Amino acid sequence: MTSEIILQAIVTGLMMGLIYALIAAGLSLIFGLMEIVNFAHGEHLMLSMFSSFWLWSLFGLDPLFSIPITILFLAFCGILTHYFLIRYILKAKMLIQICATFGLSIFIRSIAQLLWTPDFRNVDKPLLEGRIEVGSVFIGQPQLYASFVCLLAFIGLYLFVTKTETGLALQATAQDRHAAEVLGIPSNKMFAIGWAIGLGCVGVAGGMMANYFFIFTDVGINFALFAFVAVALGGFGSIIGCLYAGIIIGLVESLGGLLIDPSFKLLYVFVIYLLVVIYKPQGLFGRY
Amino acid sequence: MESKLLAAKSEPLWNTNNKVISIICGLVILLFSLPLFGLNSFYLHLFIMIFMHAVMAQSWNVIAGFSGQISLGHGAFFGIGAYATSFFYMQYGITPWISIFFGMFISAVFAVLIGIPMLRLSGHYFAIATLLIGISFQVVFQRWDLVGAASGLWVTMTPEDSWLALQFHSSKAPYYYIFLIFFIITFFVVWLLSRSKLGYRLRAVRDDPQAALSLCINVSNYKIIAYVISAMIMAPMGSLFAQYILIIDPDRVFNIEISIIVLLITVLGGIGNVWGPIIGASILIPISEYSRIYLGGTGGAVDLILYGLILMIICIFRPNGLISFIPKHILERKKQK
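As given, the protein sequences belong to chains A and B, one line each in that order. Quick note on numbering: the first sequence equals residues 1 to 288 in my numbering. Quick note on numbering: the second sequence equals residues 1 to 337 in my numbering.
Careful, some of the hints might be misleading.
[As the list claims (entries may be wrong)] Taking CB as the label site, the calculated pair distances span: (1) B:Cys216 - A:Val271: 28 to 36 Å; (2) A:Pro186 - B:Phe32: 53 to 61 Å; (3) A:Tyr279 - B:His169: 47 to 55 Å; (4) B:Asp207 - A:Asp176: 41 to 49 Å; (5) A:Asp176 - B:Pro117: 30 to 38 Å.
The set of hints was computed from the structure by calculation and includes no laboratory data. Small disclaimer: the values here were computed from a predicted structure and weren't measured. Note that beta-carbon positions come from the ideal geometry of N, C-alpha and C, so glycine has one too.
Work the whole structure out from these sequences, hints included.
This is the structure in structure tokens:
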């Protein structure tokens, strides 16, 4: 075990962590707005990867260029989800909310399985290929660009939420939707925007990952689990917390896999989750 | 005045609605005599699956419906039960009749171990943690060589039907009766639980933890008790299922689909109600089996699509489940006059 391998694991973990962070940020935004955990988040990620894949396979559009379309598609999915499912269960009990989004996740995943079979697919010869060598560390180009784009998107999201008028309106709705409505902020519209942006983030992550990740119908489950953990770790509703939490998870995953046993990656993340929610239930950077 | 008080004291334990009692008795007798009518093995299988899933859903109902904690990884206890009987039978030759109780015991121990740290969490935190637990069990069993790792356990077949080894090859009728008896026992126990002090305390914990706490109800202890009871109901079903199919592997008995279906049945039937799981199971299981016959079979997950759709529709339009269609006065005991 040399220091180079450990360095390599840290770099890999960092790059994965940025992707987890963006996926979790979408989840966290939605949760912060309406206190609903989107249990179909992983399936939305799967949809974005498949959208990227089909645009490449049917129209020959490289995943790099199809990202705007993927983002729009996912944002549209978000609005549909809100319009057909979420707005009916806003006032329901938490149990019903969990069951409803859980039902959505089963629904999307099995429809995808019916339409596209559970085969593994990947994009052949994308524009981003190969790897670069920095010192003794190998960095895959698609991974590098993916994490870079995710970081950019994350910064964009953060600026949007904290600086623009719509973002502030979102925050106001998150804090107190009735007070916000009194001030003339339509909460239903804000919820739809929240869903569109939240799933747009997933669109970015999925579109970039389509470059190098295998695309199959169950791909979202692990990412969604890590995103749940990241959201809990960063504090439900905190967006900047997701960045740190995502990086922590990425590092734990890759270092744990290297130092102990790669087949139990999920368990290490799980242990971290348990420790945090037991000793610091508001999350590491939570506002509650 | 006095007579009123006496009447209130002698309020019977049983549902005093005679119609309901006679319907239930009639149904039980009908269920016991069904195999005598010479049902073919498909229908027996259908009924066995209904009984099994009703009990599994009832187990989920105890933790989610009564105490309000949503467990998304309840399949773990099913798997523990399944592995317990098969493993002890194959390694030590212990009859499944005894190792069913081992399975229950191990599940209870795990429920306590999992419950102590996790039931302090509430709401989404607990749901996510249980989702992770369900998958962790699958991951661990896939790599645990002692119990056959990913290929699972193939229970040694006895040459003939054997009550001792709980294996019947010639007919499904014995399985039918075993599942039926477990089904009746479980429902009776849960029904007693629902109207015991424990049941009321659990519902108090569900509806308002802080108010419950102010009445000296130890919230987290009661959640753990509910979790343990729930696990102990789930484990025997895993054991019996293992005896029924005789081949178990991690992907089958720890499948997330088990956790999904118990949730779906309970929500469909009516969550927090003893009769909910029966209604849910007797509607959903036939749909699922028939859709597998006529639509599935090609790897298309048609039944899962239906599950997801039904779950969403129920959540939107009937959050209290199908049981809310039945007028209340039938389900509740007669008011004392």
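Problem - Violations among the numbered hints, reported as their numbers in ascending order - result: 4
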